[in-house]
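Residue numbers (the numbering used here), protein chains in the order written: chain A, 202 to 345; chain B, 18 to 412.
None of these hints come from the bench; they were simulated from the model.
Incorrect hints may have been included.
To be verified - For lysine-lysine, the following DSS-like pairs were computed, each having C-alpha atoms within a straight-line distance of at most 30 Å:
(1) A:Lys208 x B:Lys331
(2) B:Lys306 x B:Lys279
(3) B:Lys293 x A:Lys235
(4) B:Lys407 x A:Lys276
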Amino acid sequence: MALYSEKVMDHFRNPRNVGVIEDADGIGEVGNAKCGDIMKMYLKIEDGIIVDVKFETFGCGSAIASSSMATELIKGQPVSEAMKLTNKAVAEALDGLPDYKMHCSVLAEEAIQSALKDYYEKNGIAYDEEQFKDPSDCAHCCED
Amino acid sequence: MKIYADNAATTKMSKKAIEAMLPYLEEYYGNPSSLYSIGQEAKEALEKARAIVAKTIHADPKEIYFTSGGSEADNQAIRSAAAIGKKNGKMHIISDAIEHHAVLHTLKKLEEEGFEVTYLPANENGIVRTEDVENAIREDTCLVTIMYANNEIGTIQPIEEIGRICREKKVLFHTDAVQVVGHLPIDVEAQNIDMLSASAHKFHGPKGTGFLYVKKGIRLTNLIEGGAQERGKRAGTENVAGIVAMAAALEEEAAAIPEHTKKLSALRDKLIAGLKEIPHSALNGDAEKRLPSNVNFCFEGIEGESLLLLLDDKGISASSGSACTSGSLDPSHVLLAIGRVHDVAHGSLRLSLGDDATEEEVDYMIDAVKEVVAYLRGFSPIWRDLTEGKREFIL
Chain A
202 MALYSEKVMD HFRNPRNVGV IEDADGIGEV GNAKCGDIMK MYLKIEDGII VDVKFETFGC
262 GSAIASSSMA TELIKGQPVS EAMKLTNKAV AEALDGLPDY KMHCSVLAEE AIQSALKDYY
322 EKNGIAYDEE QFKDPSDCAH CCED
Chain B
18 MKIYADNAAT TKMSKKAIEA MLPYLEEYYG NPSSLYSIGQ EAKEALEKAR AIVAKTIHAD
78 PKEIYFTSGG SEADNQAIRS AAAIGKKNGK MHIISDAIEH HAVLHTLKKL EEEGFEVTYL
138 PANENGIVRT EDVENAIRED TCLVTIMYAN NEIGTIQPIE EIGRICREKK VLFHTDAVQV
198 VGHLPIDVEA QNIDMLSASA HKFHGPKGTG FLYVKKGIRL TNLIEGGAQE RGKRAGTENV
258 AGIVAMAAAL EEEAAAIPEH TKKLSALRDK LIAGLKEIPH SALNGDAEKR LPSNVNFCFE
318 GIEGESLLLL LDDKGISASS GSACTSGSLD PSHVLLAIGR VHDVAHGSLR LSLGDDATEE
378 EVDYMIDAVK EVVAYLRGFS PIWRDLTEGK REFIL
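Same shape as in the complex, but just chain A (with noise of 0.2 Å):
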């Protein structure tokens, strides 16, 4: 099909790190029902680490194949790395995403850093919040 890349495709039929961790050191969810896309993600972090990473979506065919992406960007990487993951980077390895498709990669850097931000929390690790975005409401993911 014409209207995504064969990336997209290929991570929206075979998604990458399905599924939960029960144990997870991390867990972010970003996205709302209301505007048709949830992103949970689970981190298991080991001496900085990630060195597990699942992900639930409910959402279209681009939302589903940039969480996966986003899982396997950051997989094996360390936290300090996982951070810098920015939506531009999850929708250039997927070969692009139609315009309006764009924010399903914010959804995808939102939804890491909101499991960052609670493993930092969970841990006691002092962190910056002028790092993180501000967790998406609908407005925001769908004003494009």
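Got chain A; can you put chain B on it based on the hints?
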């Protein structure tokens, strides 16, 4: 298996329609306004097509105006009634919340131009109540425009009764019958219809062709100025081949209405029964007052676009009222109007059967939808919350 189940969006052209149009592309390509023979051949074909179209809806050929399709017909009908109203100081129009955008957006424009529009609600089954129409009619009402059957949820409106009320109150009545022409019998006289819009590609004709029925005596306003085609009401050289093909398609379809209705209603009900087995799902629209081809469901906990993509992988072409499939912020205005909240409206699926649908295809679609819905729910955080009791089921 390949199943085209989006016949409410468009249909495959019939063999008869294609065969009918070819001579007017290859041989009789003359301009119907020209006096030489290949022009006059085209003119004759045009008028023959007009007679066929008129006959299928029990109208006079002089009451049929060919257009580029349903949207143009809707625009022209509404604009014309508004112009008549304005001349008589009547600037109130009655419509409803579940109309096609060709109607709704035209009405929005008229509101900007000073008209007042009452949008009647549809009930939870998508039916507009006749009493509501009656109660909404005022001294200054110039038009009631209510669609014959809804394109998304297939609900059939009480057109004849609404028409009768409009006749009694001397208010013009227009109906967007794009989903109905060629699929259900229409008698504009018996059903008290003043104006009716239709589109050829919904009944196996070509895209870019349609017609507007306008009862004699109602003055049309031009949307397109130019030559004197269509009795001076729609300028531009006629799409002769398209119009001829439309008439051929309509003639064939109209003759098969009883047979198709019987067959498709049974398949539709089988499909509905099968999809109802999916937990936390709901049929959208009325179970009985429904187009024979239309099935529309909401499935809680999933999103429509991903459902469509996976069904496409299984060879099924379908559509959804999800926001993601429209590229807009909101899901279908029709689903919202019948009381589906955003959360479940995003998980909608429309399957619209073709005349050639089979029981085997219906079985295949039931299995495919069940499988895909279960798969998507398997990693939906909403579904997890629902099943773990953290969120309340809506359906």
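Worksheet entry | Ascending list of hint numbers which this structure does not respect | Going through the list in order, the structure violates no hint and respects every one.
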